Structures are given as C-alpha cells and as structure tokens.
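2 protein chains.
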Amino acid sequence: MNRSVLKLSAGRSHDIIVGARLENLGRALSHVVSGRRALVVSASPIARRYARTVLKGLRSAGFETALGLMPDGESHKTMAVVQRLYRHALSAQLDRRSILIALGGGVVGDVAGFVAATYMRGIPFVQCPTTLLAMVDASVGGKTGVDLPEGKNLVGAFWQPKLVWMDMFTLSTLPDRQWRTGIAEIIKYGMMADRALFELLENNDLARLKKSPKFLETLVARSAAIKARVVSKDERETTGLRATLNLGHTFAHAIETVSGYKTYTHGEAVAIGLCAAARLGVCVGTFPLSGVPRVDALVTRWGLSTRVKRALSRPKILAAMARDKKSVNGGFRFVVPVGIGRAKVVAHVPPDIVVRILKEIGL
Amino acid sequence: MNRSVLKLSAGRSHDIIVGARLENLGRALSHVVSGRRALVVSASPIARRYARTVLKGLRSAGFETALGLMPDGESHKTMAVVQRLYRHALSAQLDRRSILIALGGGVVGDVAGFVAATYMRGIPFVQCPTTLLAMVDASVGGKTGVDLPEGKNLVGAFWQPKLVWMDMFTLSTLPDRQWRTGIAEIIKYGMMADRALFELLENNDLARLKKSPKFLETLVARSAAIKARVVSKDERETTGLRATLNLGHTFAHAIETVSGYKTYTHGEAVAIGLCAAARLGVCVGTFPLSGVPRVDALVTRWGLSTRVKRALSRPKILAAMARDKKSVNGGFRFVVPVGIGRAKVVAHVPPDIVVRILKEIGL
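So the sequence lines, in the order shown, correspond to chains A and B. Going left to right, the first sequence walks through residues 1 to 363 as my numbering numbers them. Going left to right, the second sequence walks through residues 1 to 363 as my numbering numbers them.
No lab work stands behind these hints, which were simulated from the structure alone. Treat the numbers as computed from the prediction; the structure is a model and nothing was measured. Each hint should be verified, as a subset may be incorrect.
In the DSS-like style, the derived pairs of lysine-lysine whose C-alpha atoms are separated by at most 27 Å in a straight line are [what the hints assert, rightly or not]:
1. B/262 to A/162
2. B/316 to B/262
3. B/344 to B/7
4. A/316 to A/344
5. A/233 to B/162
6. A/262 to A/359
7. B/233 to A/233
8. A/7 to B/344
9. B/162 to A/7
10. A/309 to A/262
11. A/233 to B/316
Here are some, though not all, of the chain B residues that point toward chain A, as calculated from beta-carbon distances under 10 Å [stated by the list, open to error]:
12. 79
13. 119
14. 157
15. 159
16. 216
17. 232
18. 261
19. 361
Simulated coverage check for chain B against chain A, where a stretch passes if three residues somewhere in it have a Cβ under 8 Å from a Cβ of chain A [as the list claims (entries may be wrong)]:
20. 120–133
21. 240–252
In this text, a Cβ means the ideal position worked out from N, Cα and C, and glycines have one as well.
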C-alpha cells in the first residue's frame, strides 16, 4: 500500500491511497469525516461487482448507506443525470456532513464529483476509481465536470475529495484497450515530469504489467504523486503549472471532438497528442529531434498508435483547438516537452507550424 | 460612497461598494479582472430600466458585452433556467477569464452566481443587487443557490464575487413591501451584532429612510460590513459563527415553506422569526424578558408583523424546521440573541419549548 498526500492552500489536504482494499474504505473513512450517512454512486458492471463490498464495509463502520446508480459512458455526463443524482441524495436524506462516494471510472467520478460539489453547496466526497485512467488522472486533482451538447466539461467545479481510495483488484476485469488508455497518461507523466518513469516504461510492457501488482502500484503511485504535486502548487490552474498536465491534450481533445468520441479512447488520442507535442517541441526548440522516435517507440511498445487511423477535417481540428477552453482571449497555446521529464506552456504558436505538426500525425 | 472589504483565506478579498453608480461599473471592473468579455444576467423590469446603462459603461471600458435575460421570482430558481444561462454564456463566447454580472434581486444573484460558479469550473462574477434585501443579504458572502422541487437552495456553491456594486438609485422604484423585507434583515444585523444599529432603527422609520440617501447608505453599509466580517471568519459555515447570520431564519424558512412562499415575503417571515428567536432566547436564558417587547416594537415600527396572519399546520412547521439544512444529524438547532447585539447557536432545544414559542407567534 502506497500513500501520497495532496496538500492545498488553507491547510486542506487529503490522502491518495494506492493498493487499498474496497472493504476497508468504511473504516478508513470513519476517521476522516464526521457524518454517518453515505451515498455510493456507481454504474454497472462495476456496481454489480463491487458496490456490495463497499456498502458492507461502510455499514460495519457505522454508516447508513444508499446506492445511486447512473448509466456509464461519456454520453451520460449530462445535467439530466446530475439532477437524477440530486434526487438520490435527497431520498437518502444526505445532509451537509454526509459523504458521497464515486465508485467507477472517470465518467462516474466527474459526475458524482459535480453532484458532491453542488448538493447543499458541497458535501464531503470520496473517489474510488476503478479504471487505470481514472486512477492516474481524473480521480486526483479535484476537477469535476459535466458535458453540454456544445462540448465536454463545459460545466463543472473544483471540488477536492476527502480521500482517494484505489483498489488494484478492480482492474482485474479491465479490457486491454482500457489498460492502454491509462498507460497513455502514464507515458505523459514520464514525459512531462519523471524521466525515470519514462525509462521504466521503456523497459517493460503490458503483459508484464498485468502480471505484477507491485509494478502496477509503482506506476500508479508515481503518476498520482506527480499529479498531486502539480495540483498542490496550482490548484485552480492560475500559474500555468497545472496546465502542463495537458501535455498532448490540446491535440487529443481536438481529435476526440472531431471524430465524435467514437473512434478513439481518451488515451489513444492522448498518445497521438504526445507524438504531436514531441514534434512541436522540436519546432519551438525545446525538444531534441532524437526524442521524437523515442516517444513514438514507447507509444508503440504499449500498443498505442502514433498517428490517426484516418484523416479528419483539418479546418475542424484547428477550430476545435482554438475553442479548447485552455485557450484564453483567442490564440493557440500548447504544452511542449522540454527534453524527457519536463514540460512548459508556449503561447502564440504560428498556425503554419500547427498545420505542419497535424500533417505529421496523419491529419 | 462607502467601501468595505471582504477578506478571505489564501489572500482572496474583494470590495463591497455602497453608493456606487451603475454607469461606472465597467471602469471599476477593468482594474479588477483581466478578461474583456462580459455577460450581464438580469430580469425585467430591472433589465429594462438599467441594463443599458451597465452595458454602455462596460463597452466604454473596453468590454465586449452580451445580455442574458431570465424570468424573475423564486419559482424560476431552477436548473432549467441555469441551463438556459449556460447557453447564453456559450453563445456570448465567454471563456474562463470572462465576467458574469448579476443585475437584479436575490433570485437573479443566486442563479447567476451558480452559473458563474459552475461554467467552465468557475468564472469571475460581479453582484449588482437592485433590491434592499439583496444589498444587505444575498449579494454579500458568496452563497449561490438553485431550488429543487423538494426545497429551496438544495443545489448551490460557495462562489465569491470579484466585486459587489450597489447603486442606491436602483431602489427608487422599489415597492414599500420590498423595502420592509430588506429592513427585517437590517433589524436582524442590529440584534445579532450591532446594538447601535438596532437603536438607530428604533429612532427612525421608513418615510425618513426613503427621504435620506445618506441614512440609507449608512444602514446598508453597516449591514454589509457585519456580514462581510462574519463571512471573513467563517466562509464555509464550519465554526458556527456564520450560522449566527441565521438568527430568526429557522422559523422564517419553516413559515415560508409551509405557506408555499405565497403569503409572506422573506423579510416578513424573518421579522416573525426574530420575534420568535427573542422569546426562545428568554426560554434558554440568553435574552432578557424586557427585550421581547422591544424587538416586537421595532418590528412593528417598520411596518412588519410580529406573528403569523393565520395559523399553519404545526406538525408541518416542526417537520420543516427539522429538515432545514442547518440541521446536522437530526435535532433542533437555533440561533438565539444574547442581549441586543450578540447571538449564538444553541443545539438540542427540547421540542416542548419549540412548541411553546410557536404558539406565541400564532402557530
């Protein structure tokens, strides 16, 4: 078991536990919160497999419990689902000290987190991520989000959990494609902040990872610790530091948006985005040319693609990148790698360079 | 013009300007925020009278502006209206640095504030309250709220404005009943925190107030400063200090809920609640018996009632008070006056005392 602490301003902090057991969540939580009612929000099939374990553990620790189910999948990150969960919270008689627990992947965490942030002006919240992607990314850092028909995560709030509780056993039924989508984010952490992590990935592969719980815990704990460190220093994305977590993501979001979120998983798009960011780094002088084949090779090694499967409308890609909510007062901003293990934000990238990069990744 | 500062943790603070002019908001704002797009959210008839002035001032200060109208009245504090305002924000192309300005009474401020708190995980927000009640209460302190069919303000967020801008001229068309509803909150501030303010009210009346802009500014500035001071020390209502602002409000909310929000304005219910709280203070030993006729006399002096117009179902009143979201893990909690000029929270008030008080106010 591996513990990181996410420290925030005004003395707020919380634990991130990697390698915990779901059955022990109730006991751990009883030391962290004062309320004694808990609503677990989850989606099938995770709910069917694990909700009972969580609920039982909560009850033995003295909590009154309820289960609120929601449909999974990005298409359900809607205000309609949020409103349904408010009703669940009300009928479970949650008050301002009660706890809302998200048990599931990123969609469940984002939506349940938004409900926790806004029910009675915010109640305590716990993240139990059950996918590799949610473990290394969405569950850490306090971003919650809901989609509007016009775009992803246009509604949301910053709302930090009281605890992030990761049970590796929940990954045992994860499909390979979902493993890879999580790996893409881990590659990102190596590239932006941890050269040794990058090298660890260069010397291993998915088959090895799935056989070694110890190795898996190491990768997740190191990734979560990097994110926790960055978020500690720039919770609300005001200094530009937190923005470096978006390495590869401006490309990735555009690819996902223009392809209608059907062709690529988030991590598949991020992998392509990382290859693009490496090339952009070369163009703006922050990344060595020799790093490009190295990034491509690592992405390939873990079963991910370095370029899009088929071309998408380039004007649409450019428009999506300009609309990306990381853009401020118009203008292209990107995160680029600075060698392997560092990254920084560059603003005002000329459109002709952006187009050259898009061509390189098949767009 | 009178300036208070609301200071919060982590160095956050903002000005509360009493006696400002709407036409100068744009210029003032240009020194406070970095974005240059602004959406003004308002409702008729205020929008019809004043929106143009605000928009013009914003444009001369270099802002690109848009106006988003919403229907006024508590029945429109809904998630449906929130979603409509998200669309307004999107079509005005607001980004994360853009400003949302609430121009109106408490309903507009609560709903627009929630939109500002949750659009793109929160954007800068300005309160321009145009009713006496919103000036002395809702616009200061960062509470935003939306109703669910099950109850008031069950959804919301804490979201502090960058600026609170009060133009007394907007009160010139306020109906007398709305003046009185604001006065009830000012009486509350006197009772809970400012004996001299209480005495000032004892020596004046509504006719005098409406003729003296100077006196009006004094009352509003003192009330806003009290609220700002309390909120500075307990922004998220965790220490119990902020809860003292709810003097009279547990009774008031129950009266409003059970009478379906039709018979009493918020302030009318608060006035009755203050008379009840004075009596409860006597019962629990914090308030002198001689204070009760004094509170009753002040409430009456300003054209407010000391008791309900007609009886309401007592079981329903008790149930509503138990459900009040200030209650934690069940049990009756009340704020009681400690003499004139102080207040404190008392927990576990026995039901028979509560019933005795209800009878005193006609319930």
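Consistency of the hints with the structure:
1. For the given pair, residue 262 of chain B sits about 40 Å from residue 162 of chain A by alpha-carbon distance, which is inconsistent with the 27 Å threshold.
2. In summary, the hint linking residue 316 of chain B to residue 262 of chain B is supported, as the alpha carbons are separated by about 16 Å, within the 27 Å threshold.
3. Between residue 344 of chain B and residue 7 of chain B the CA atoms are separated by roughly 22 Å; this keeps the pair inside 27 Å, and the hint holds.
4. At most 27 Å may separate the alpha-carbon atoms for a hinted pair to count; residue 316 of chain A and residue 344 of chain A meet this at roughly 26 Å.
5. Note on residue 233 of chain A and residue 162 of chain B: the hinted pairing holds, with a Cα-Cα distance of about 22 Å set against a maximum of 27 Å.
6. Straight-line distance between C-alpha atoms of residue 262 of chain A and residue 359 of chain A comes to about 22 Å, which keeps the hinted pair within the 27 Å bound.
7. Restraint check: the Cα-Cα separation between residue 233 of chain B and residue 233 of chain A comes to about 24 Å, which is no more than 27 Å; the hinted pair holds.
8. At roughly 33 Å between alpha-carbon atoms, residue 7 of chain A and residue 344 of chain B are farther apart than 27 Å, so this suggested pair is violated.
9. Simply put, residue 162 of chain B and residue 7 of chain A have alpha-carbon atoms about 26 Å apart, close enough for the 27 Å limit, and the pair holds.
10. The hinted pair formed by residue 309 of chain A and residue 262 of chain A meets the criterion: a straight-line CA distance of about 12 Å does not exceed 27 Å.
11. A hinted pair counts as satisfied when its Cα atoms are at most 27 Å apart, and residue 233 of chain A with residue 316 of chain B does not qualify at roughly 49 Å.
12. At its closest, the beta carbon of residue 79 of chain B sits 6 Å from a beta carbon of chain A; the interface hint therefore holds under the 10 Å criterion.
13. For residue 119 of chain B, the interface hint holds, the least distance from its beta-carbon to any beta-carbon of chain A being 6 Å, beneath 10 Å.
14. Against a cut-off of 10 Å between C-beta atoms, the interface hint on residue 157 of chain B holds, since the closest Cβ of chain A lies about 6 Å away.
15. Annotation: residue 159 of chain B was flagged as interfacial toward chain A, and the flag holds, the nearest CB pair being 9 Å apart, inside 10 Å.
16. The restraint placing residue 216 of chain B at the interface with chain A is violated, with a minimum CB-CB distance near 31 Å, outside the 10 Å limit.
17. Residue-level restraint check for residue 232 of chain B is violated (minimum Cβ-Cβ distance to chain A is 13 Å; threshold 10 Å).
18. For residue 261 of chain B, the suggested interface contact is broken, since its CB lies about 19 Å from the closest CB of chain A, more than 10 Å.
19. Of the supplied interface hints, the one on residue 361 of chain B is violated, with its beta-carbon coming no nearer than about 26 Å to a beta-carbon of chain A, more than 10 Å.
20. Judged by the Cβ-Cβ criterion of 8 Å, the stretch 120–133 of chain B is covered by chain A as claimed, because 3 of its residues qualify and three suffice.
21. Coverage of the stretch 240–252 of chain B by chain A is violated [criterion: at least 3 residues with CB-CB distance below 8 Å; count 0].
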